[in-house]
Amino acid sequence: MNKIAQHFIYSTFIFSPSLHAATTEQEPSQQHLFSNLGSQEQASFIYPNEHQTLFIGNTSTFGLGAVNSPQVEQQLQEANEADVNSLIEKDWWGALAEIGTILLLGEVLYQVGESTMEKDFDYDVEGGALEYFHDRLFTKKYWKLDDNAMSMNWGHAFAGALYYQAFRNYNFNYYESTLAAFLTSTTWEVFVEYQEAVSINDQIVTTWGGSVLGESYFQMAEMLAHKEGWVPTTFEMLFNPSQVARGWFDAQSKPRFNRSKVVDDLSVYTGAMHSSNDTRDLDKSILTLGLDASINSMKGNYDSLWGTPTWVEVSMEMGLSEAGVEDWQMSNKLLLGGYNNWINQDDLNPEAWQQHYFIGPATGVEYASFGEEDDEDFYAVVNLLGVTMGGEWQQNQLSLSIRGDIYGDFAMVKPFATQGLENYRATFWNSKSALWENGYAYALGHTLNLEFEAKYRDIAFGLLAKSHRWDSIDNKKIERFTDWNPNRKDLDFKDERDRYQAYLKYAISKQWTLGLHYEEIHRSGEFFGIDFPDFYAQADDVESRSWLQLDYIY
Numbered sequence: 001m002n003k004i005a006q007h008f009i010y011s012t013f014i015f016s017p018s019l020h021a022a023t024t025e026q027e028p029s030q031q032h033l034f035s036n037l038g039s040q041e042q043a044s045f046i047y048p049n050e051h052q053t054l055f056i057g058n059t060s061t062f063g064l065g066a067v068n069s070p071q072v073e074q075q076l077q078e079a080n081e082a083d084v085n086s087l088i089e090k091d092w093w094g095a096l097a098e099i100g101t102i103l104l105l106g107e108v109l110y111q112v113g114e115s116t117m118e119k120d121f122d123y124d125v126e127g128g129a130l131e132y133f134h135d136r137l138f139t140k141k142y143w144k145l146d147d148n149a150m151s152m153n154w155g156h157a158f159a160g161a162l163y164y165q166a167f168r169n170y171n172f173n174y175y176e177s178t179l180a181a182f183l184t185s186t187t188w189e190v191f192v193e194y195q196e197a198v199s200i201n202d203q204i205v206t207t208w209g210g211s212v213l214g215e216s217y218f219q220m221a222e223m224l225a226h227k228e229g230w231v232p233t234t235f236e237m238l239f240n241p242s243q244v245a246r247g248w249f250d251a252q253s254k255p256r257f258n259r260s261k262v263v264d265d266l267s268v269y270t271g272a273m274h275s276s277n278d279t280r281d282l283d284k285s286i287l288t289l290g291l292d293a294s295i296n297s298m299k300g301n302y303d304s305l306w307g308t309p310t311w312v313e314v315s316m317e318m319g320l321s322e323a324g325v326e327d328w329q330m331s332n333k334l335l336l337g338g339y340n341n342w343i344n345q346d347d348l349n350p351e352a353w354q355q356h357y358f359i360g361p362a363t364g365v366e367y368a369s370f371g372e373e374d375d376e377d378f379y380a381v382v383n384l385l386g387v388t389m390g391g392e393w394q395q396n397q398l399s400l401s402i403r404g405d406i407y408g409d410f411a412m413v414k415p416f417a418t419q420g421l422e423n424y425r426a427t428f429w430n431s432k433s434a435l436w437e438n439g440y441a442y443a444l445g446h447t448l449n450l451e452f453e454a455k456y457r458d459i460a461f462g463l464l465a466k467s468h469r470w471d472s473i474d475n476k477k478i479e480r481f482t483d484w485n486p487n488r489k490d491l492d493f494k495d496e497r498d499r500y501q502a503y504l505k506y507a508i509s510k511q512w513t514l515g516l517h518y519e520e521i522h523r524s525g526e527f528f529g530i531d532f533p534d535f536y537a538q539a540d541d542v543e544s545r546s547w548l549q550l551d552y553i554y
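Going by full-length UniProt numbering, 207 is the number at position 207 of the sequence shown; the sequence numbering is gapless.
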């Protein structure tokens, strides 16, 4: 129940004997209270911001025959101000203590594993320390694309999520927490890893990727706190460990959600999949395990802080085959506010079409790994900035929805054309540092998503399409240079990934859904030798997947 509604009910109950007598006869439901509170047109206060007004004027609207006394009104106002202040007042000391603890633990781990990091040591303090660190911050000499393993570089997104949540948990808004993650990442790159290159890719992944994961998991953890069962509890601990740990000592921040303003969806699923690839002559049986979640607050931003993302989407899936972990996919999307228009939302005529249109800036991250070892196809993408738009139409028991996203990307990609090369690692000698070291390279490009769903009663039919286009970053000046790999040559790759899916779902009950899915994944890649034009490689294939999926909805 909304905190202000609680203050209203409890305070009025205590100070009004007539109300006490009325409520002992009939306890109004929470839903009834909210609907009546929202219908008042008299004195009001705000919780938690100007978009969420709860009116507390004449209590006779409840049919309880009581009127608030000045004393009650004053106490309600004081309670409201205390609640609002607790949600908007920044706790600098709490945030600094948490980020300091994270950096201290990181430094301890870095020192323990320093011997394994020595291969990345390209610099040492030369001349005065002040001049050296100034140059690391403000000159291009030290800023490079590093060549660490993909797992380490993608792991920076999760480190960034911890940096982000260290401030978000203490009443800093989305943009302030993102800036804090950037400053923390810069401090780490420049001062802690002072013997290494200042990693451009780490800065991007830690800041942008960290803010997307951090906000997604921040909102997810609060939503999961209202769910029952061991699965929500486990994921809550994983998504915001600091907040959960503080809860053990009754020191957690107050929930920011006004549940009446948010539409939550959470489901876990399992599926039996068959995958076939005629080009590679591969057939596989895969068991899938996954999670899908959505937190939609477009009807009323639940957060008292400015600039909170209004739609969060999280999906994760793992595929298991006889060979072990076959697939790993994850995707997080944020809609950063924007324009919304609702038409006929209050029309009770069953023949009227209720409509909703939206458009706004968006960002996201995506990671996908398909297959095993040399045959593996993987990419990790930070959707730096884009646009999400869509519409929904509903009439009686029929609903239609369409949605599209387009993003500009920074990506780490294993070029698909390596599938057509023998001993391809030798081909990359003296080329892009990350390509020779770990078989992937950095690219810029875009991602396009399209979604359509038609639903009638308990049956839903949907179409999904996703398109990636990436072109490698070809600038030897920002490649990591070493004595043993001077990067005198360069390669350019262009990669394409297209995914098309159709599904049919049936709601067995309120908690169980059965779905039949079919998907095709089209992959294509080309390699060009920039400094040695005779080099060329190309690979194309199509993978077909069909599966039966059972969802449990919380």
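These are calculated hints, taken from the structure and not from any lab test. One should not assume that every hint holds.
[As the list claims (entries may be wrong)] No farther apart than 27 Å at their CA atoms in a straight line, the calculated lysine-lysine pairs in the DSSO-like style are these:
1) 144 <-> 489
2) 455 <-> 466
3) 494 <-> 466
4) 90 <-> 119
5) 510 <-> 261
6) 510 <-> 299
7) 140 <-> 466
8) 261 <-> 227
9) 494 <-> 476
10) 119 <-> 489
11) 505 <-> 284
12) 141 <-> 510
13) 299 <-> 254
[Said to hold, decoys possible] Beta-carbon label-pair distances, calculated as ranges:
14) 187 <-> 140: 17 to 25 Å
15) 450 <-> 125: 32 to 40 Å
16) 355 <-> 191: 52 to 60 Å
17) 399 <-> 280: 36 to 44 Å
Note that CB positions come from ideal geometry on N, CA and C, so glycine has one too.
For each hint, the structure was consulted:
no.	hint	result
1	144 <-> 489	holds (17 Å)
2	455 <-> 466	holds (21 Å)
3	494 <-> 466	holds (17 Å)
4	90 <-> 119	violated (41 Å)
5	510 <-> 261	holds (21 Å)
6	510 <-> 299	holds (23 Å)
7	140 <-> 466	violated (36 Å)
8	261 <-> 227	holds (17 Å)
9	494 <-> 476	holds (17 Å)
10	119 <-> 489	holds (22 Å)
11	505 <-> 284	holds (24 Å)
12	141 <-> 510	violated (59 Å)
13	299 <-> 254	holds (22 Å)
14	187 <-> 140: 17 to 25 Å	holds (19 Å)
15	450 <-> 125: 32 to 40 Å	violated (52 Å)
16	355 <-> 191: 52 to 60 Å	holds (53 Å)
17	399 <-> 280: 36 to 44 Å	holds (40 Å)
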